[in-house]
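J.: Protein chains in written order, with the working numbering: chain A, 11 to 226; chain B, 11 to 226; chain C, 489 to 702; chain D, 489 to 702.
Among the hints, erroneous ones may be present.
Quick list of in silico lysine-lysine cross-link-like pairs, DSS-like style, CA-CA up to 25 angstroms [what the hints assert, rightly or not]:
(1) C/Lys565 x B/Lys107
(2) D/Lys497 x A/Lys107
(3) D/Lys497 x D/Lys565
(4) C/Lys623 x C/Lys549
(5) C/Lys518 x B/Lys105
(6) D/Lys497 x A/Lys186
(7) C/Lys497 x B/Lys105
(8) C/Lys565 x C/Lys549
(9) B/Lys186 x C/Lys497
(10) D/Lys623 x A/Lys105
(11) C/Lys623 x C/Lys518
In silico negatives: residues of chain D with every beta carbon more than 10 angstroms from chain B [as the list claims (entries may be wrong)]:
(12) Pro513
(13) Lys549
(14) Leu569
(15) Gly587
Calculated directly from the structure, the hints in this document are not laboratory data. Backbone N, C-alpha and C define an ideal beta-carbon position, used for all residues, glycine too.
Spelled out, the chains give:
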Amino acid sequence: MDGVFDLGGKQGFGPVDRTHEDEPYHSQADARAYALSVAARGERAYPIDWFRHTRENMVPTDYLTRPYFDQWLQTVVAMAIDAGDVSLDEVISGKAKALSRSANPMSVADVRNMLTSPASFEREANGTPAFEVGDSVRTDERGRSGHTRLPAYARGANGTIHAYRGAHLLPDAGAKGEDVPEHLYTVGFAARDLFPEVDNDDTIYLDLWESYFVSA
Amino acid sequence: MDGVFDLGGKQGFGPVDRTHEDEPYHSQADARAYALSVAARGERAYPIDWFRHTRENMVPTDYLTRPYFDQWLQTVVAMAIDAGDVSLDEVISGKAKALSRSANPMSVADVRNMLTSPASFEREANGTPAFEVGDSVRTDERGRSGHTRLPAYARGANGTIHAYRGAHLLPDAGAKGEDVPEHLYTVGFAARDLFPEVDNDDTIYLDLWESYFVSA
Amino acid sequence: MEPSYDSEKVAEIHRHLHSHLPSEPALRVKALESLLVEKGLVDPAALDAWIEAYTEEIGPKRGAMVVARAWTDPDFKARLLADAGAAIDEMGFAGQASGHLQAVENTDAVHNLVVCTLCSCYPFAILGMAPPWYKANEYRARAVRDPRGVLAEFGVGIADAVDVRVWDSTAELRYMVVPQRPAGTDGLSVEALAALVTRNSMIGTHRDLTVSGA
Amino acid sequence: MEPSYDSEKVAEIHRHLHSHLPSEPALRVKALESLLVEKGLVDPAALDAWIEAYTEEIGPKRGAMVVARAWTDPDFKARLLADAGAAIDEMGFAGQASGHLQAVENTDAVHNLVVCTLCSCYPFAILGMAPPWYKANEYRARAVRDPRGVLAEFGVGIADAVDVRVWDSTAELRYMVVPQRPAGTDGLSVEALAALVTRNSMIGTHRDLTVSGA
Chain A
11 MDGVFDLGGK QGFGPVDRTH EDEPYHSQAD ARAYALSVAA RGERAYPIDW FRHTRENMVP
71 TDYLTRPYFD QWLQTVVAMA IDAGDVSLDE VISGKAKALS RSANPMSVAD VRNMLTSPAS
131 FEREANGTPA FEVGDSVRTD ERGRSGHTRL PAYARGANGT IHAYRGAHLL PDAGAKGEDV
191 PEHLYTVGFA ARDLFPEVDN DDTIYLDLWE SYFVSA
Chain B
11 MDGVFDLGGK QGFGPVDRTH EDEPYHSQAD ARAYALSVAA RGERAYPIDW FRHTRENMVP
71 TDYLTRPYFD QWLQTVVAMA IDAGDVSLDE VISGKAKALS RSANPMSVAD VRNMLTSPAS
131 FEREANGTPA FEVGDSVRTD ERGRSGHTRL PAYARGANGT IHAYRGAHLL PDAGAKGEDV
191 PEHLYTVGFA ARDLFPEVDN DDTIYLDLWE SYFVSA
Chain C
489 MEPSYDSEKV AEIHRHLHSH LPSEPALRVK ALESLLVEKG LVDPAALDAW IEAYTEEIGP
549 KRGAMVVARA WTDPDFKARL LADAGAAIDE MGFAGQASGH LQAVENTDAV HNLVVCTLCS
609 CYPFAILGMA PPWYKANEYR ARAVRDPRGV LAEFGVGIAD AVDVRVWDST AELRYMVVPQ
669 RPAGTDGLSV EALAALVTRN SMIGTHRDLT VSGA
Chain D
489 MEPSYDSEKV AEIHRHLHSH LPSEPALRVK ALESLLVEKG LVDPAALDAW IEAYTEEIGP
549 KRGAMVVARA WTDPDFKARL LADAGAAIDE MGFAGQASGH LQAVENTDAV HNLVVCTLCS
609 CYPFAILGMA PPWYKANEYR ARAVRDPRGV LAEFGVGIAD AVDVRVWDST AELRYMVVPQ
669 RPAGTDGLSV EALAALVTRN SMIGTHRDLT VSGA
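Input sequences plus hints: build the corresponding full structure.
T.: Now the structure itself:
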């Protein structure tokens, strides 16, 4: 998907604002928005890429102007409306018509469990990886219509396999509710091959799935 | 330049709002902003692409959220500050410190003249055009660091020369204050070659300069 | 002084203006107008002349006259399709952004649509002020990627067999669409025909003109 | 019901929420919290547990302990660089977004910088909440294109001879930078060393740690 969220390499952005950098939450609303967005995902194990794709489909100017966890919260609410756990009318009116049929909210024990249990996105591979460390690869030129994790700045670019990472769930499929393991690689790109004005030897690394490459 | 202004093909944008479509100006402020932005460019013949590039360098969220002529006006004011016709302090304080040394504002007669005198951007060509109607061309993959007029959606794409348009001033140079004539072509691209989800035979036409192509 | 042609410098100026000018558009415009007039950089009479030109004089009626003449005068139509800038000059309509005008013709098999994805370029001299939707992010983003979807929102259905041609006018060429002459208009005068031609039909977001002018 | 996995549907829901929810962020959050609690979709005690976890318990001190141990324990450092997820699990720090953690080491010749250009992914379990700048458009846009310029804004000058490696963590791998141990710290305890490690040094926007901890 091409959209305003794909910010890497976009020009015209000014200095990085470091306000509030030493507090975990920059406001009370920020803290509540964070907690709500993780707690309300609770019972449903939404694929992480359906969450990301739902966020990507926010009104573009909201995406670029609203606080980060505020966006998470709206995304979780949009997913809940989509899945029928709450209705758009209820959210807009602020009046609950009935308890959610599926209501079985995340408990404090669930929270403690999630805080100590990292999720794994690695799965059994189908077949052997096509590339080895040191191989040259070229990325897909035009991107994909739906959710995908090849940033626009690295499309149609030549890179080198830096590491093989096993088979991970393919985000493009995850955003459609499908579990598709695919070989994942870390790929190094010479910054000068990505951005015309670069005149140094810096390297940009991206973790990319095998189907994002067009040829060796 | 890669930036939020390069909107062609970006996804996530909703329905087209047709409010105020039958009035020349959607508000009094819109009318004033238009008039100011054309009148204040007056005496200085800023290259059109310096104007465009200055607009492209607005704060990105302003670009996406502010009215069109409001953006034009701020762009003209930014160019005037850059050129020293007015100071940033004067604009921010709203208090003129002195008449502009260069003040020789556009008159009503100048306006009438501009309203009946189309500008030409065609110039004497240097050399013969490299391509003919019907030739296949491929556009540059990575764009340019500064102002340019090859939209991101048509980079690294194969197209066909539809028409030769003579030599026109190259925008990339115009944004740097340089007059560089270069052969201009109208190029047709199959929509299906630009956007993965397209399944029809529609065509997108773009007017592109010869240096935007990498090979025949 | 001359312009710096320095991207970083103007970006920084924009950031200062973002931070210090009123955030409300009408107040911002008013503040800038006062200063530019006071500095002597703008003559208020010129402002009124610009506004009036596109209120009273220059608008889509010009384009409609051009289209109606093309429908009734085959020689003019040939000249229009060959060099639209020169053809509209014959009618006294040459002006802003018409120097490299191109006319593209709808047929039973072709529908044309005009956009400028990079900055909303528009043929002012022949169509007047662009409608807000033409300048909107939504139209600029979607017209090249989903022209049929955009057209459907405008109430225009395009049969699968009809090719859509989108003209993304990002250089100095400007485009106007010559819509098809509606049936049942054989006896009409050029003026009556012009009254049937909508502004949107000349951008391409309207296709089937009717004798009722809807 | 199951999710629709329909982009258009959720985009339309977002547009409704854009139009109908309060435009002020704090009011929007409050309104949604009331409803989600009333619907029984959220337990207020769980909200407090989430907030407290990242206020009281999980933060960059964890990462700093990992770095200090790596400085003083070569075997641990080798395990950390080979499989950071497993290594931090040894220390009881495994948690959110640490399942595929990678540690990348600064040297005299290399400086590492971490970003997520597509959505601000961050190793919560080991660094706590991401600072606002990490999630900001500016950092996401510029860190891959002009890392040296961004670093200069953070007061970090990088010699031409030093290679910058930017890790754009858009998949499920997360990255932490292992900064260089400052000179003059030979006699310090692991705890004292950990106190020298800044959060930004583990993201890469700080390079030269000092014994004063600045």
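J.: Now tell me if each hint is right for this structure.
T.: Evaluation of the provided hints:
Taking the CA atoms of C/Lys565 and B/Lys107, the gap is near 56 angstroms; set against the 25 angstroms cutoff, the hint is violated. Using a Cα cut-off of 25 angstroms, the hinted pair D/Lys497 and A/Lys107 holds, with the two alpha carbons roughly 22 angstroms apart. Among the hinted pairs, D/Lys497 with D/Lys565 is inconsistent with the structure: their alpha-carbon atoms are about 48 angstroms apart, more than 25 angstroms. Restraint check for C/Lys623 and C/Lys549: satisfied, since their Cα atoms lie roughly 20 angstroms apart, inside the 25 angstroms limit.
A hinted pair counts as satisfied when its Cα atoms are at most 25 angstroms apart, and C/Lys518 with B/Lys105 qualifies at roughly 13 angstroms. Annotation: proposed proximity of D/Lys497 to A/Lys186 holds, straight-line Cα distance about 13 angstroms (limit 25 angstroms). As the CA atoms of C/Lys497 and B/Lys105 are separated by approximately 23 angstroms, the hinted pair is consistent with the 25 angstroms bound. Annotation: proposed proximity of C/Lys565 to C/Lys549 holds, straight-line Cα distance about 17 angstroms (limit 25 angstroms).
Straight-line distance between C-alpha atoms of B/Lys186 and C/Lys497 comes to about 13 angstroms, which keeps the hinted pair within the 25 angstroms bound. With a CA separation close to 32 angstroms, the supplied pair D/Lys623 and A/Lys105 exceeds the 25 angstroms bound. Restraint check for C/Lys623 and C/Lys518: satisfied, since their Cα atoms lie roughly 22 angstroms apart, inside the 25 angstroms limit. At roughly 15 angstroms from the closest C-beta of chain B, the C-beta of D/Pro513 stays outside 10 angstroms, upholding its exclusion from the interface.
No beta-carbon of chain B is positioned within 10 angstroms of the beta-carbon of D/Lys549; the least distance is around 35 angstroms. Here D/Leu569 stays apart from chain B, with its beta-carbon at least about 33 angstroms from theirs, past the 10 angstroms limit. The beta carbon of D/Gly587 sits about 29 angstroms from the closest Cβ of chain B, which is more than 10 angstroms, so the claim that it is off the interface holds.
Violation of the numbered hints given earlier is confined to hints 1, 3 and 10; the remaining hints are satisfied by the structure.
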